[in-house]
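Those protein sequences? They're chains A and B, same order as listed. For the first sequence, our numbering gives the first residue as 34, with consecutive numbering after it. For the second sequence, our numbering gives the first residue as 34, with consecutive numbering after it.
Just so you know, these hints were derived from the structure itself, not from any lab. Incorrect hints may have been included.
[What the hints assert, rightly or not] Below are the DMTMM-like pairs computed for lysine to aspartate or glutamate, each with C-alpha atoms no more than 25 Å apart in a straight line:
#: 1; chain 1: B; residue 1: K53; chain 2: A; residue 2: E87
#: 2; chain 1: B; residue 1: K53; chain 2: A; residue 2: D84
#: 3; chain 1: A; residue 1: K53; chain 2: B; residue 2: E359
[Unchecked claim] Looking from chain A toward chain B, a few residues come up when the C-beta cut is under 7 Å (computed):
#: 4; residue: G283
#: 5; residue: L314
#: 6; residue: S315
Note that CB positions come from ideal geometry on N, CA and C, so glycine has one too.
So the chains spell out like this:
Number of protein chains: 2
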Amino acid sequence: MSDLTHEALALDAADGLRAKRAEFVLDDDTVYLDGNSLGALPGAVAGRLADVVEREWGRLRIRSWTESGWWTAPERVGDRIARLVGAAPGQVVVGDSTSVNVFKAVVAAVRLAGEGRDEILVDAATFPTDGYIAASAARLTGARVRAVDAADMAAAAGPRTAVALVNHVDYRTGRLHDLPGTTAAVHAAGARVVWDLCHSAGALPVALDADGVDFAVGCTYKYLNGGPGSPAYLYVRRELQPRFDSPLPGWNSHADPFGMSAVYEPADGAPRGRVGTPDILSLLALEAALDVWDDVDVTAVRAKSLALTDFFLRCVAAYVPAGRAEPVTPLAHAERGSQVSLRCTGAEEVMAELIRRGVVGDFRPPDVLRFGFTPLYTGFADAERAARVLGEVLGG
Amino acid sequence: MSDLTHEALALDAADGLRAKRAEFVLDDDTVYLDGNSLGALPGAVAGRLADVVEREWGRLRIRSWTESGWWTAPERVGDRIARLVGAAPGQVVVGDSTSVNVFKAVVAAVRLAGEGRDEILVDAATFPTDGYIAASAARLTGARVRAVDAADMAAAAGPRTAVALVNHVDYRTGRLHDLPGTTAAVHAAGARVVWDLCHSAGALPVALDADGVDFAVGCTYKYLNGGPGSPAYLYVRRELQPRFDSPLPGWNSHADPFGMSAVYEPADGAPRGRVGTPDILSLLALEAALDVWDDVDVTAVRAKSLALTDFFLRCVAAYVPAGRAEPVTPLAHAERGSQVSLRCTGAEEVMAELIRRGVVGDFRPPDVLRFGFTPLYTGFADAERAARVLGEVLGG
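Let the hints inform the model, and build the full structure from the sequences given.
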């Protein structure tokens, strides 16, 4: 047994979050480092979803909209997520996809902008959908998009800027961007900011309220383990809610949805971010999935995440031949999300071989091996094994 | 036993769809006439969804996007629905809510319109969300909305009309509108038509291809029994697909979604209607729910639907004191959907009492009792009992 193997066992033994792993469905044959794409199944979800289907839908049917709390689920589940992203209750609503929520937030932010502000700044390395949707929002509102490196966003915001749309963590490189600093700088320039939290919520502390963020969106199927394609969320800062002018004013966001009025009058508060009928099966599966967070402090998650990625980087340095897989994720903790991306020639084939050998990460074009570390269920022995197998695949 | 009770038993005995009832979870204490709001649970759904959760998500995890066919589910399930609405494969995609799909279709239709066409006609009695979303689409595209009775839509379409948005069946009155005639007239005026099929798909034959419809949308949780808030669908006529210019160009509608290009290039065909990551749990529950249609001819469903609503109206006439509950649903078969709406003083309280007595319909403001007849699981004895209990509640 190598020194790193011994060290991994010792680190796992000392891990305060170790017991959490038992709350997930995992198998010991596989090192699952793709929880930043699809979180593992929390064990409690299957039973809860069976109850939703068989009793709430099957037996109570339409009565469940009130008696089983279906109608209020988007805000109730939103408040569960709010705690994880540093938001007081009443500001997060769950529903629709991340893309659709980006659309709501960016159009609304442009509508809030003062005269002469027609520029949407978009993180140049953004996950593509944010850029596509921002371009559509620009086209529909008469604004224009300018791509700027996330690190330069603070300097780029100016008198023409309406809104900056920024990814908190870059999906490809794992770089963590400066949310408080960028938000403050964009505000100082008189503009709004929309943060995409897909790769940060559930992986590291986010302080939306304290940092004065205007809007935020995120998916729930990565570190929040909500299930494949589970509904996304939208945060609208409380003081902006009365002026939040959604481009998707569906009947669910009406002040009196069952009044069936032909005239739209928006609801107050978080429900204004709703659109159509909420997707109850997925929403309640997500709600059950969030139970794993009840006794978890996100600062402990962050500490373990950094320890895991530090350790993985050390193992990669030890096991992988020099020059075969170079970290593109920043080494500085302040700039690192909860993943490690390695640049590697032939990355697509290398990842396919890793998966055959039981180490599941993913490939992102053109040449990135991506390994996500989900502190609730990933251990140090997993990190060591992943690096060791990578070394074997790369001829170490 | 009354004559109507005898007749109901005879009609049930002769019903060719009677065996279908066993494929649903129902209880004999309740007459469920709210399947036009939330369809009953098909018995096969629970087992299939448990497999999706426990094996596909729990065991295979990320591999299921390819190995379990998750990625292609929106079009695969779309093709299942296509058969029920008279569309050849490759034109229907499932995802998002009805409201969001109305937005895609109306904006795209306005973009297809020729110079000087800036008018969106909206069914004046529309389910509210269609009107709200049409107003938003108008605001974002520089068009304007004009409300017109659905029956007058054909005459109203003119040289300024870009698109007409019409409900196939009025959610409140149950009136069935003339889809072929209206479509032809709107086309003759040089405009497009978007049909909302929420209250017709699965209840009566729809012939989207044959009738030359441009766009259609619908929910899947009413007569299609997909479950609470299950994803909606979008039909884009094949010949329009290359010019379908969606206002919600998410990464899932990209020609090469995993290429992660910063430049948006739309996919061909039905996938162009996608936006974000599909909601797999709800989508696959819907897919399982659609199995009940495999051996069903929609013309037989329509015949039974009309027989059921005819019979219910006769029972109401027999059991309910004159003047206490007047049909607002047209008596002419060509103008009737699969529900019976009765105007009734104190309708909200009357419906609450009906529900207490095991007859579940719903109330729609201001004074409508709404009874939905879902031919796959509603029988003639159900109709007779519902009318009899209504007669008792109204002092018959």
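Practice prompt. State the violated hints by number, sorted upward, taking the hints as numbered earlier in the document.
Written response: 3
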